[in-house]
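Chain order of the listed sequences is A, B, C and D. When you number the first sequence by numbering that gives the first Met the number 0, it's gap-free, plus one each residue, and the end is 339. When you number the second sequence by numbering that gives the first Met the number 0, it's gap-free, plus one each residue, and the end is 339. When you number the third sequence by numbering that gives the first Met the number 0, it's gap-free, plus one each residue, and the end is 353. When you number the fourth sequence by numbering that gives the first Met the number 0, it's gap-free, plus one each residue, and the end is 353.
Worth flagging that the hints you see were computed from the coordinates, not collected in a lab. Here the structure is a predicted model, which means the values were calculated and not measured. Backbone N, C-alpha and C fix where the C-beta goes; we use that ideal spot for every residue, glycine too. Be aware that one or more of the hints could be misleading.
What follows is a list of derived Cβ distance ranges for each label pair [said to hold, decoys possible]:
no., chain 1, residue 1, chain 2, residue 2, range
1, A, Glu241, D, Ser325, 52 to 58 Å
2, D, Asp11, A, Ala36, 29 to 35 Å
3, D, Gly54, A, Lys65, 55 to 61 Å
4, D, Thr238, C, Glu234, 45 to 51 Å
5, D, Glu195, C, Ile292, 49 to 55 Å
6, D, Gln8, C, Glu234, 54 to 60 Å
7, B, Glu241, A, Gln334, 24 to 30 Å
8, D, Gln321, A, Glu233, 24 to 30 Å
9, A, Arg300, B, Glu233, 55 to 61 Å
10, C, Glu201, D, Trp297, 50 to 56 Å
11, D, Met349, A, Glu240, 17 to 23 Å
12, D, Thr311, B, Gln266, 42 to 48 Å
Some chain C residues close to chain D (C-beta under 7 Å, calculated; not the full set) [said to hold, decoys possible]:
no., residue
13, Glu167
14, Asn170
15, Ser173
16, Lys206
17, Ala208
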Amino acid sequence: MALSKVANKQEVQVRAQELTMIQAINDGLKTMLEKDAKVLLLGEDIGKNGGVFRATDGLQNKFGEKRVIDTPLSEAGFVGAAVGMALNGLKPVVEIQFLGFVYPAFEQIATHVTRMRTRTLGYYSMPMVIRAPYGAGVRSPEIHSDSVEALFVHLPGIKVVCPSTPYDAKGLLIASIADPDPVLFLEPMRLYRGKRQEVPAHDYRIELGKGEIILQGEDVTIFAWGAMMPIAMEAAELMKEERISCEVIDLRTLYPLDKAIIADSVQKTGRVVIIHEGHETGGVGSEIVSVIMETSFLYLRAPIEKVTGFDVPVPLFALEHAYLPTTERVTEAIQKVYSF
Amino acid sequence: MALSKVANKQEVQVRAQELTMIQAINDGLKTMLEKDAKVLLLGEDIGKNGGVFRATDGLQNKFGEKRVIDTPLSEAGFVGAAVGMALNGLKPVVEIQFLGFVYPAFEQIATHVTRMRTRTLGYYSMPMVIRAPYGAGVRSPEIHSDSVEALFVHLPGIKVVCPSTPYDAKGLLIASIADPDPVLFLEPMRLYRGKRQEVPAHDYRIELGKGEIILQGEDVTIFAWGAMMPIAMEAAELMKEERISCEVIDLRTLYPLDKAIIADSVQKTGRVVIIHEGHETGGVGSEIVSVIMETSFLYLRAPIEKVTGFDVPVPLFALEHAYLPTTERVTEAIQKVYSF
Amino acid sequence: MREKYPLLQIMDQEGKWLDESKREVLSEEKVKQFYYHMLRIRTYDQKGVALQRQGRIGTYVPFAGQEAAQVGSALALGNEDWMFPTYRDHGASLTFGADLDRMLLHWNGRIEGCLPSREKKIMPASIPIATHLPHATGVAMAEEYKGTRNAAIAYFGDGATSEGDFHEGINIASVFKAPVVFFNQNNGYAISLPVEKQMNSETIVQKSAAYGIPGIRVDGMDAFAVYFAVSEALERARTGKGPTLIEAVTMRFGAHTTADDPSKYRDQDEINRIRDEVDPLLRMEKHMKYRGIWKPAWRGSLEAGIQEELETAIKCMETYEQPDVSAMFDHVFAEPTWTIEKQKQHILSMGGSS
Amino acid sequence: MREKYPLLQIMDQEGKWLDESKREVLSEEKVKQFYYHMLRIRTYDQKGVALQRQGRIGTYVPFAGQEAAQVGSALALGNEDWMFPTYRDHGASLTFGADLDRMLLHWNGRIEGCLPSREKKIMPASIPIATHLPHATGVAMAEEYKGTRNAAIAYFGDGATSEGDFHEGINIASVFKAPVVFFNQNNGYAISLPVEKQMNSETIVQKSAAYGIPGIRVDGMDAFAVYFAVSEALERARTGKGPTLIEAVTMRFGAHTTADDPSKYRDQDEINRIRDEVDPLLRMEKHMKYRGIWKPAWRGSLEAGIQEELETAIKCMETYEQPDVSAMFDHVFAEPTWTIEKQKQHILSMGGSS
Ligand SMILES: Cc1ncc(C[n+]2csc(CCOP(=O)(O)OP(=O)(O)O)c2C)c(N)n1
Ligand SMILES: Cc1ncc(C[n+]2csc(CCOP(=O)(O)OP(=O)(O)O)c2C)c(N)n1
Ligand SMILES: [Mg+2]
Ligand SMILES: [Mg+2]
């Protein structure tokens, strides 16, 4: 046992590569295509073109047109087709080109993807992953920058996952594909080609539903995920100068939320800042507030602050930075809860 | 001025009728069709058939096929067509046969209905109402019983309204049609043919964004709306026996929430129970918790309790009563916050 | 367009051969099978309406008038084929092999009624219109991927053709030559909307042109014609030639559902008047008489058997164990999330509620 | 299907008449107008690509190759007609009367770039594919309701035909005989997907059969042919005869957008090689030479004017006032809600941010 662990570690050391997040996702898809003949990919421009962000680059070449399928421009149609494939024992991994184009498939997700298992008392399941790049900050056209994870957090029957590092991206993606239930896998475009990180070449999994403490701290807890993580970390760093010790937690899964990690941290610090780029009202931030209310009411020493996108459509790119949470807004919120 | 008010009142007395909610809605639609030639109705089976619930009964006969339009079975199509009509200066009132069938139109709502005004800096607007019966408890088939108001509360650019009485239904509906912006108007099926109420025959409006205190109380605030109001009231009545004085507030508009009425009541009672039949996670309840966190943190004397639908697809009707909040669950929650 | 897609018929209104070449396949035994199933689902359907009236089940969706379309199509299927019915196609489901007891449970609001048949791959009836067409496409693509000869069939109405999912499901199937049959029952109405207001096209079958696939327009009151149309389409599917769109022209004799009042939007008396003339069961009876294979006693014995089967199923439904609140929570995910588990425990602690 | 819908052409590849009956309408002045607009948008398009390369605007969507389709259709419109373009149809918009300064602002991520034209009813470019087709239908129904003779035109690509909204938009228009023209530019690709994998149908025009409406297949490199096809469809629309589906067969010479690398999915060298042979501008030039109305000096003066217009617009874009953060908040509703007002005040109190 101990031996194999060592061997494994060596292997990791030999084979780990420095990858960007988009490369790590590509690697995760490749890993699962290799491992399981039931896995196949569907989406617009994912085959020959390798995806508009190159997430599936080279995969059709390697696995063929039956495994990596260029679909017609038809989100409802191919998510619906994926439902059929899942009914028939396959594990489709669907790419929605941008999260803002998931809306035409909303019907399929809300009434079938999420309900098939319940509807058949578990006789049929929907082992399906819907991948979608999301978020603002990369000068995309209108609708391409939406961050509407909250809609899916509300729909019962689908998990919602969002990595913030290359390592997590691969590990969470593999876990999502292996999961017996549907997962919406949100990919922060803004971090696609950001910092590289060592990513093991083998198959590894990060448990869904578990957050991670990225920075230990005592005074204020910061909850964030995806593209907001670098901002959370930057703010926490800045606060060190003011001797405010921040605990930064990457939630990683938005449904189900990691209740234990939330409660533990809040019960330690008593002060909370939540960051997300989705709209404030009805956002996941409010759900986290509600979980804290339920688990940790008596520990709170200040009202929770949310630093979020606004209740406005995500603006065209000239104003997208005014829409997005900034380090400045986060540090202001930290100071506010700290000095309450 | 004073004279005309009196005259008005007399008129009301003369012409007011005892109506059910569905009749009040019919009356509200008729009132606006009469008043404004720009108003027209679109939907499935709303013309000859008068709607599956008879909300539009007699209106096609009275106003003709150009004003009350039976559309093909095509939610995306006719909501999209309504967008075009609104662009062209009309005021379409669209019926979605059941809220659970709004999903095919989600794309149109999320990218166009809600964004057209922002997109054109106010040059174009979307004075549109989307009416939809919602909710469980009337033994409908699958999907017919959804209560997904939270999805729309999260989308910036649309108001969400939900009456609980015939009087409010007409007044809120007229205000929604008169509103220059899109409104999702949710109609609690369960109350359609419930208690009759005196409803003035003339055109009156209830301001959007304003809740109403239905029962004054001191100890615990109950927030509810739509089909949950009778349960809230029943629970409050039962609590009188235990000398717990409940303040019951009908929120009536879910976006924007009535922040003042929420804060005032919570700051008085310090104890809160929120009831809704939508799923708990990501539900409007969490948003209300968040508003209370923001406005009234220091006044809270107990963690807020939510009595909601569960994180499961609304079950077929044999179990729908197990899914729905019950008076029993509400009284339990009231006792819990009261005795905290 | 009516000329381009002539109505396929095997027998005329009086049950006489129009296409005698099919005589061989339609042996006495086979014909009796057709009649038996049509009688069975007709009897069931009448029972369904009655049970609803007596308050013993919830809203019921009658299909009287559509028996030939439903039986003819279902009998053409192979054992391993997949069926995607709507709420109105329980006649087809029962014919293919759905379980009668579960079917009744479904009308009683029981999730157990959604369970696929014990024998056949019959999917739960699709409630949101047309949304199951892409599923049939995907199932068929998966069969192709696995290299089988199995096919899928999707049932849908005239109204369903207006939905985007109809279009997207067929388009994708056409591109990938998926082995699927799109079986439309044009019963003339989508609730209250007559087909002339649903579409501007003279027929539904002509929509096949949009996808470059074959279309067959068939007399949906002629169970034989439907059977051959579907058989032909299935054969195409199994041999890699892709999907087919079939329009079966039929009639809904009664209300849309037991909650519907058709006299609000059509001349229901007129329909009741012509009903017998076009009734698919009577037509089959005429055919059997014409071929000299009709025996009233045989029908009587069939009916007795069917009644007994129905009574047993109804008893089963009415004595079925109480719905289990846990079922609502236990199958949302393979492993319940903590929110679901918390909610379940709470409800159970209160005594299971309702 | 190609036989059923023969490709409409007015001039051949060499610019020679194929249908001389149109000679009269296509006066020297008119032809010059066509050429001017094609040259103008071609020049603008090249500028767009260059500006993007220089980092002076964001991602740009080139339309080179589609000038005849865009100009021919736009010139057929009446002043009061409504235009619903996509992100690739700014050539058509500019021809119809979009404001060049705003157009450039749009590529710079400025919401002011979405404002409708000062003169014409040109809607903001639709980003979610096919979603604007139902809008065009609704606008047209409203014109009909008002009793005008105005029509709407919706632009969309080959890829868009796979979306449900394409289907629903046209179906509804066909039912209500709405005065709308569905103008498809089949440029052979939806990003990387060739039209053969987008659909199984041989043509796009044949999809008109599904709605019982007329379809016209037209050479999209022949501006005259496009002009007459759209004019005919508009005339039908104005006279209560309902919608028409037009397929303009064209080509996208360059990348999908400046962020796209077409060599990943097609032989771009081959396209560059044949480009001149099929170029709609060169074809028009040949036609003018053939008719003896081509003057190089005239072209030179046109070009000078266009360059000047462009430079002015670019300067305007580059010196445009800084984006106003308030704009993001002030137009979501007629009256901002308290959440929006709160958010706005907070951002303003922090100094307007970014
Ligand atoms: C997406 C959606 N919209 C609306 C409905 C409500 N509805 C139920 S049946 C029906 C009519 C369907 O007509 P058709 O497709 O002709 O089938 P039929 O009922 O005649 O068998 C409608 C509108 C629904 N079930 N799903
Ligand atoms: C609903 C939706 N899905 C995906 C996209 C991403 N996307 C942008 S353009 C495009 C291809 C469109 O092809 P086509 O309709 O042929 O128009 P063209 O770009 O060739 O003009 C895609 C897939 C989108 N904008 N909207
Ligand atoms: Mg029908
Ligand atoms: Mg194209």
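For which of the previously enumerated hints does the structure constitute a violation, in increasing order of number?
-> Failing hints, ascending: 1, 2, 3, 6, 7, 9 and 12.
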